[in-house]
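Every number in the working numbering is 3 more than the matching position in the sequence shown, counting from 1.
FYI, nobody ran anything at the bench for these hints, they're computed from the structure.
Any given hint could turn out to be false.
[Unchecked claim] Derived pair list, reagent style EDC-like, types lysine to aspartate or glutamate, alpha-carbon separation capped at 20 angstroms:
1. K42 to D16
2. K9 to E53
3. K42 to E71
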Amino acid sequence: PGAMAKVPAVMGDAAASIDRMRHYGHDAEQAPVLIVTHKTTRAAIDQILEDFAKTWVVESQPVALRIESV
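Let's have the full structure, built from the sequences with the hints guiding it.
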């Protein structure tokens, strides 16, 4: 409880906003979450990853994948 509330707080501190977020079903206490941001800087993403790693809501190292329009 309360774990998902940390996500927008961390992202807001880095001045990034959520475009889409998907919380996948799970049987354990941990659940995979996919977050797509609106256009932002690499520095903001790096800050978000660093700050997520400092919270109690992240079980393993978060990963970022760049999405580009072609």
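Each hint tested on the structure:
1. Restraint check for K42 and D16: satisfied, since their Cα atoms lie roughly 16 angstroms apart, inside the 20 angstroms limit.
2. Proximity of K9 to E53 is assessed by CA-CA distance (about 13 angstroms); at most 20 angstroms being required, the pair is judged to hold.
3. At roughly 10 angstroms between alpha-carbon atoms, K42 and E71 fall within 20 angstroms of each other, so this suggested pair holds.
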